[in-house]
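A.B. asks: Listed below, chain by chain, are the residues.
There are 2 protein chains.
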Amino acid sequence: MNYRASVLVYPKRGVLDTQGKAVQATLIRLGHGTLEEVRVGRYLQLLLEAPSEAAAREEGDRMCRELLVNDLIEEYSLQVEPA
Amino acid sequence: MNYRASVLVYPKRGVLDTQGKAVQATLIRLGHGTLEEVRVGRYLQLLLEAPSEAAAREEGDRMCRELLVNDLIEEYSLQVEPA
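Chains as they are written, first to last, in numbering that gives the first Met the number 0: chain A, 0 to 82; chain B, 0 to 82.
Check the hints yourself; a few may be wrong.
Identical copies look the same in the list; a pair holds intra-copy or inter-copy alike.
Straight-line Cα separation of at most 25 Å, SDA-like style, residue types lysine to any residue; simulated pairs [said to hold, decoys possible]:
1. Lys11 - Glu48
2. Lys20 - Gly30
3. Lys11 - Ser51
4. Lys11 - Gly30
5. Lys11 - Asp70
6. Lys11 - Val68
7. Lys11 - Pro50
It should be emphasised that the hints constitute simulated quantities derived from the structure, not laboratory data.
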């Protein structure tokens, strides 16, 4: 069966989010004065074949650990649903 | 009141997702043979002050139109919740 795994990868709390700071400064210059914080990360959508939702989640986690996430400075969340 | 706006920005259907193709090829080389498609986009989390959820959504949409999204090749989804 096909499953869709949605991965959000973002900087760990305490890690300087330079992209976030840059986007925030630009948005404030554009007039969005009420903006207090911006965090910028990656969004990945994976379409994969798996025997069960649990198997799809386990494979998604493995992909994150092996390639998609630098766990020194990033954390991630993973949602899996039938495609 | 503070609101958290979560923005997902990803390539429009039909636009070549070169990052997605590169990530897919690497994951398949790492042994994830059941992977059928990868789409790569940006995830932004905005913390902003607003009088209501509707006002926070309207400001989030404006930020997307003004800076965060290139609507020629990208589309986005926006979720707003109290922070």
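A.B. asks: Tell me, in ascending order, the numbers of any earlier hints that this structure violates.
C.D. replies: 3, 4, 7
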